[in-house]
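Sequences listed follow chains A and B, in order. Residues 0 to 294 in numbering that gives the first Met the number 0 are what the first sequence spells out, letter by letter. Residues 0 to 318 in numbering that gives the first Met the number 0 are what the second sequence spells out, letter by letter.
None of these hints come from the bench; they were simulated from the model. All C-beta atoms, glycine included, are put in the ideal place defined by N, C-alpha and C. Mixed in with the good hints, there may be bad ones.
[As the list claims (entries may be wrong)] For lysine-lysine, the following DSBU-like pairs were computed, each having C-alpha atoms within a straight-line distance of at most 35 Å: (1) B:LYS163 with A:LYS239; (2) A:LYS195 with B:LYS163; (3) A:LYS195 with B:LYS246; (4) A:LYS281 with B:LYS163; (5) A:LYS281 with B:LYS249; (6) A:LYS281 with B:LYS121; (7) A:LYS234 with B:LYS225; (8) B:LYS249 with A:LYS135; (9) A:LYS239 with B:LYS260; (10) B:LYS125 with A:LYS12; (11) A:LYS234 with B:LYS48.
[To be verified] Over 12 Å on every C-beta distance to chain A, these chain B residues come out as not near it, computed from the model: (12) PHE21; (13) THR55; (14) THR70; (15) ALA84; (16) VAL90; (17) MET95; (18) PHE98; (19) PRO106; (20) TYR135; (21) ILE147; (22) TYR170; (23) GLU176; (24) ASP206; (25) HIS226; (26) LEU304.
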Amino acid sequence: MAKSDKLVTRNEKIFNGVMTVVGIIISIVAFYPIFYVLIASFSKPIFVENGDVMFWLKGFNFESYKQAFMKDGIWIAYGNTMFYTIAGVVVNMFFTTTMAYALSRERLIFRKFFTLMAIFTMWFNAGMIPLYMAFKDYNLLDTRTAIIVGFAINTYNLVIMKSFFEQIPKSLEEAAFIDGANNLKIFSKIFLPLSKPALATVGMFYAVTRWNGYFWAMNLLQDDNKVPLQVLLKKLIVDKVANETEAAIVTANSLYSPTTVIYSIIIIAIIPMMIAYPFVQKYFKKGATVGAVKG
Amino acid sequence: MSKTSKALPINNRSYVKSSSKFSKRFRRDWDLFLLLLPGLIWYIMFAYKPMIGLRTAFYDFNIFKGFSGSTFVGLDNFIQFIQGADFTRTVTNTLMIAFWQLVICFPIPIILAIAVTEMKNKVVSKITQTATFLPYFISIVVVCGMTINFLSPSTGVINFILQKLGFEPIYFMVKPEYFRGVYTTMTLWKTAGFSAIVYIAAIMGIDQQLYEAAKVDGAGKWKQIKHVTIPGILPIVVVMLVLNIGKMVKVGYEAILLLYKPTTYSTGDVIATYVYRTGIQNGNYGLATAAGLFEAFVALILVVLANKISKRLSETSLW
């Protein structure tokens with residue numbers, strides 16, 4: 000008996016050691032792309048273009064960032080994204096919480112029908128072209144309203160919110176009714192304050208989606224003054240539009256190049272998310288778990 | 000109306016379980032209905048009204064004339080799509096990319112979750128979770144931008160590494176044979192950590208006594224994983240599988256639009272990107288809507304199939 004015990008522990012030790020090494024390898028593989036962009040963005044282009052920058056930066060300088068910040072429209076796009084995120088999340092939360100609350104109450108007339116109506120859209124939706132044409136019909140092309148109101152509810156988030164409201168004890172609500180409160184009051188004065196964790200989770204989900212939203216912004220907006228950052232990023236780092244003209248002759252003395260400018264733009268674009276990340280992480284874990292249990 | 004609702008006797012139990020008539024219930028809960036209203040209007044405007052637009056698929060649709068000025072063509076758009084040169088290509092690509100996503104991007108997060116929870120060194124475990132979770136927060140535009148720049152034959156880091164290992168630089172983004180691999184790897188990097196969360200939560204929920212019991216019976220780590228962890232998370236795996244298959248056909252077209260080029264259409268062009276090019280870029284709304292409906296139909300078939308498979312799987316599991 001004692002012998003087999005020792006055997007297990009020795010095997011476990013090997014196992015644990017292997018798992019630690021596996022963990023370190025996975026972490027490096029996952030993190031390296033971001034790390035590379037970071038060191039390349041601060042390096043002298045000649046080293047980047049020759050493949051000398053691999054594990055640490057070489058020829059430290061800020062020139063690529065100066066160039067990146069001078070790109071046409073980058074500040075406007077940043078401001079627009081900020082606006083779409085803040086206004087968008089406010090609208091998201093209003094539409095999502097009110098509907099989720101109503102659907103979470105058993106006494107709502109035709110509750111099952113309305114719930115099914117919302118859930119059904121997770122499995123079947125009109126698709127790209129009919130949705131685009133609906134925006135056209137509503138005269139919402141090239142308007143900020145299209146971006147903000149057109150995507151006011153995400154059904155998945157609605158379901159998370161609804162299931163959270165359902166978990167709040169009924170007795171609280173009944174007591175409030177006896178005290179003469181109406182539905183609106185119970186919702187705003189009792190349920191919303193009690194739902195802070197869920198509000199934070201769903202709010203975070205929406206904020207990340209809003210900040211990173213690109214496809215519909217690209218198709219619905221034409222005016223350069225209205226486009227969010229992601230649409231501009233597509234031009235700069237995917238299509239490389241603005242860099243095509245600066246012929247890519249990189250000499251030993253160049254302090255920036257199309258490539259290093261792209262890397263610094265990437266860093267500028269992901270910094271807000273990286274700052275938000277530690278705060279967001281714990282909420283995301285909760286939200287993903289709630290969503291999956293319900294899913 | 001508000002007067003009557005206030006005047007009604009409000010009494011807890013009968014209030015909740017009331018089976019009175021519609022008008023009476025509406026009068027009593029009109030303000031609850033008011034809360035429903037914004038969301039309801041939104042669903043009608045932005046989810047159900049566009050569905051009416053699906054009839055575009057049966058018209059030779061002219062955007063300036065509307066439905067009254069456009070000719071009804073029946074199934075012509077569908078026939079045109081199915082007989083068109085792009086049909087075989089887009090359907091094959093859609094299914095192939097969906098297949099690789101299922102084979103690579105579905106199981107790896109499960110393995111990752113098991114690995115992360117098995118790590119005895121809590122610091123390494125936390126770092127692994129954080130590092131794999133991070134890419135989820137980076138927008139698809141930036142991820143695609145990074146991919147394209149990393150794979151550049153002249154300045155990309157991947158080709159530098161290949162060259163140092165003695166290979167010739169590879170033109171990843173213009174060669175069709177690499178497209179699916181590039182897309183799948185990129186998707187895996189972006190989503191693996193996020194997808195793993197659900198399984199990590201499920202593993203945490205497994206009763207520790209089961210592991211103790213397995214240990215007493217002499218099970219090593221592998222046997223514990225095989226006989227405790229995997230059966231423990233199987234229900235959630237099945238649920239996630241069915242959910243994923245439903246979304247699978249709608250492969251990440253946003254990413255594909257950013258990554259593909261005319262030279263990689265042969266392996267990268269999927270139904271959704273075809274819909275985008277034909278409809279939004281070229282204004283051929285009827286044909287594009289028909290292709291979109293076809294895609295939805297394929298998705299439906301896959302969901303039904305997935306449900307059947309899950310029923311079989313869940314018979315062997317406990318629910």
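We went through each hint and held it up to the structure:
1. Note on B:LYS163 and A:LYS239: the hinted pairing holds, with a Cα-Cα distance of about 27 Å set against a maximum of 35 Å.
2. A C-alpha spacing of about 53 Å is found between A:LYS195 and B:LYS163, which places the hinted pair above 35 Å, so the restraint is violated.
3. About 30 Å separates the Cα atoms of A:LYS195 and B:LYS246, which keeps this hinted pair within 35 Å; it holds.
4. Simply put, A:LYS281 and B:LYS163 have alpha-carbon atoms about 40 Å apart, too far for the 35 Å limit, and the pair is violated.
5. For the proposed pair A:LYS281 and B:LYS249, the alpha carbon gap of about 29 Å is at most 35 Å, so the pair holds.
6. Proposed proximity of A:LYS281 and B:LYS121 is supported: the alpha carbons are some 17 Å apart, at most 35 Å.
7. Taken as a hint, the A:LYS234 and B:LYS225 pair is broken in the structure, with Cα atoms around 48 Å apart against an allowance of 35 Å.
8. Simply put, B:LYS249 and A:LYS135 have alpha-carbon atoms about 23 Å apart, close enough for the 35 Å limit, and the pair holds.
9. Restraint check: the Cα-Cα separation between A:LYS239 and B:LYS260 comes to about 14 Å, which is no more than 35 Å; the hinted pair holds.
10. Distance hint between B:LYS125 and A:LYS12 is fulfilled; the C-alpha atoms sit about 20 Å from each other, no more than 35 Å.
11. Simply put, A:LYS234 and B:LYS48 have alpha-carbon atoms about 33 Å apart, close enough for the 35 Å limit, and the pair holds.
12. At roughly 6 Å, the least C-beta separation between B:PHE21 and chain A is not larger than 12 Å, which violates its mark as non-interface.
13. With a cut of 12 Å on Cβ distances, B:THR55 falls inside the contact zone with chain A, its closest approach being about 7 Å.
14. Even its closest Cβ contact with chain A, about 17 Å, leaves B:THR70 beyond 12 Å, as expected for a residue assigned away from the interface.
15. A cut-off of 12 Å between C-beta atoms confirms that B:ALA84 is not in contact with chain A; the least separation is 20 Å.
16. With a closest Cβ-Cβ approach of about 16 Å to chain A, B:VAL90 is found to remain outside the 12 Å limit, as its non-interface label requires.
17. Against chain A, the non-interface label of B:MET95 holds: every CB pair exceeds 12 Å, the least being about 21 Å.
18. Look at B:PHE98: its CB is around 21 Å from the nearest CB on chain A, clear of 12 Å, so calling it non-interface holds up.
19. Interface exclusion of B:PRO106 from chain A stands, the closest Cβ pair being 15 Å apart, more than 12 Å.
20. Against the 12 Å criterion, B:TYR135 falls within the reach of chain A, whose nearest CB is about 8 Å from its own CB.
21. A Cβ of chain A approaches the Cβ of B:ILE147 within 12 Å, the least distance being about 6 Å, so the stated non-interface status is violated.
22. The beta carbon of B:TYR170 is kept farther than 12 Å from every beta carbon of chain A, the shortest such distance being approximately 16 Å.
23. In this structure B:GLU176 is separated from chain A by more than 12 Å, as the shortest Cβ-Cβ distance comes to about 22 Å.
24. Chain A leaves B:ASP206 outside its interface by the beta-carbon criterion, the shortest separation being 17 Å against a cut-off of 12 Å.
25. Every Cβ of chain A is farther than 12 Å from the Cβ of B:HIS226; the closest lies at roughly 15 Å, confirming the non-interface assignment.
26. Every C-beta of chain A lies more than 12 Å from that of B:LEU304, the closest at about 14 Å, which supports listing it as non-interface.
Hints 2, 4, 7, 12, 13, 20 and 21 from the list above are not met by this structure, while the remaining hints are.
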